[in-house]
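**Student:** Kindly produce the complete structure, drawing on both the sequences and the hints.
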Amino acid sequence: MTAILLADRLKRIQPSPSVQANDRVAALRAEGKDIINFTIGEPDFDTPAHIIDAAVTALRQGDTHYTPSEGTPALRQAIVEKLARDNALEYHFDEIVVGAGGKHILYHVMAATLNPGDEVIVPAPYWVSYPDIALLNEGVPRVVTCDASCGFKLTPQALIEAITDKTRWLVLNTPSNPTGAVYSESELLALAQVLRDYPHVGIISDEIYEHFVYAPARHLSLINVAPDLKSRTLIVNGASKGYAMTGWRIGFGAGPRDLIQAIVKLVSQTTTCPSSISQAGAVAAFIGDQAPVRAMAERYTQRRQLMLEGLQSIAGVNCTAPDGAFYVYLDVSGLLGKMTPGGQRLVRDGDVVLYWLDAGVAAVSGEAYGLSPYVRLSFAIGDEAIQEGCRRLREACLALT
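Just so we're aligned, residue 2 is where the sequence shown starts under my numbering, counting upward by one.
By construction, these hints were calculated from the structure, which means they are not laboratory data. Any given hint could turn out to be false.
Claimed, not checked - Straight line, CA to CA, 27 Å or less: simulated DSSO-like cross-link-like pairs of lysine-lysine:
(1) Lys12 <-> Lys167
(2) Lys266 <-> Lys231
(3) Lys266 <-> Lys339
(4) Lys167 <-> Lys266
**Tutor:** As structure tokens, then:
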């Protein structure tokens with residue numbers, strides 16, 4: 002039988018490391034192993050009841066058909082109201098497109114705008130999908146290293162050095178996955194000043210973790226401080242994180258009408274539309290009771306502190322307290338070169354992750370996010386699991402020689 006030939010573009014990308022990590026944990030647990038899972042990239046809370054009720058009502062009322070490719074009028078209007086309420090941003094109904102998650106919007110905006118060889122500036126550490134989505138659409142990810150010395154954030158000088166005539170997009174993620182970095186007003190203003198000199202560069206502002214920011218930090222969109230850049234900025238956000246709706250697959254883009262219509266054209270030929278039922282739930286999420294969002298944020302504030310306290314006493318690691326999201330990006334350089342009890346030398350952060358997995362703790366290596374030697378740990382898990390996970394890490398690190 003002749004094998005089906007796969008497209009060359011598939012060779013350019015790797016499977017999602019975070020998905021692979023969760024799959025590995027599931028397999029080990031199926032074998033009966035006790036694993037504390039710090040790889041989780043989603044809220045561990047259930048979707049709030051009023052959102053579920055809205056979706057059930059929609060089901061019972063027969064809201065089970067195709068919707069407009071750009072999303073239902075009710076949901077797009079709810080997003081307009083959400084942006085005004087939460088972000089002090091004014092958008093019109095036709096400047097909104099709804100997708101099957103934020104990643105869906107990111108993929109389609111790059112598909113709609115990249116020609117072969119166009120460059121996308123991706124500050125590292127980065128969310129794992131940014132470079133691969135650019136590659137899939139024949140773009141060139143231009144990765145810019147942003148290490149701990151600059152708070153894992155892009156500086157104006159680094160941005161200037163990265164921009165070329167081929168630059169099409171800058172991807173700005175605040176709050177950041179994996180580091181939890183949050184750009185301040187002054188930092189955004191400085192980047193905006195650079196971008197004004199390069200009108201051919203668009204900005205993709207990924208703000209999916211906006212609701213999880215820890216005082217004194219606060220979330221701002223770039224266009225809050227630089228409204229003149231609104232005409233070339235696409236905000237990407239959604240219901241997944243703030244409303245514990247990852248499985249519902251609802252994201253959105255807010256941007257210039259022409260760009261929104263280009264994305265809608267592609268959606269009409271790919272997924273047709275987002276789920277009608279999920280959209281009904283998202284309306285309730287965006288315009289309904291916001292108390293569950295605040296409650297989740299408070300719990301993550303407490304868990305962040307619990308995680309930081311647990312990591313303080315672990316020899317060989319160091320971390321910067323995250324200002325947002327629910328991750329710690331842990332520096333493990335102090336563990337490299339050490340020997341495990343089994344006689345293996347730890348050379349890379351990937352070796353550390355495998356060693357910790359043997360100790361019953363799952364994490365994701367910094368290699369996946371473009372900056373080593375680090376390990377990402379999620380505190381979107383229960384208090385007892387955080388404490389037990391830190392205890393296991395402490396014992397595992399003490400056993401190194």
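**Student:** If a hint holds in the structure, say so; if it doesn't, say that too.
**Tutor:** Status of the hints after comparison with the structure:
| no. | hint | verdict |
| --- | --- | --- |
| 1 | Lys12 <-> Lys167 | holds (23 Å) |
| 2 | Lys266 <-> Lys231 | holds (22 Å) |
| 3 | Lys266 <-> Lys339 | violated (54 Å) |
| 4 | Lys167 <-> Lys266 | holds (25 Å) |
Violated hints amount to a single one, hint 3; each of the other numbered hints is respected by the structure.
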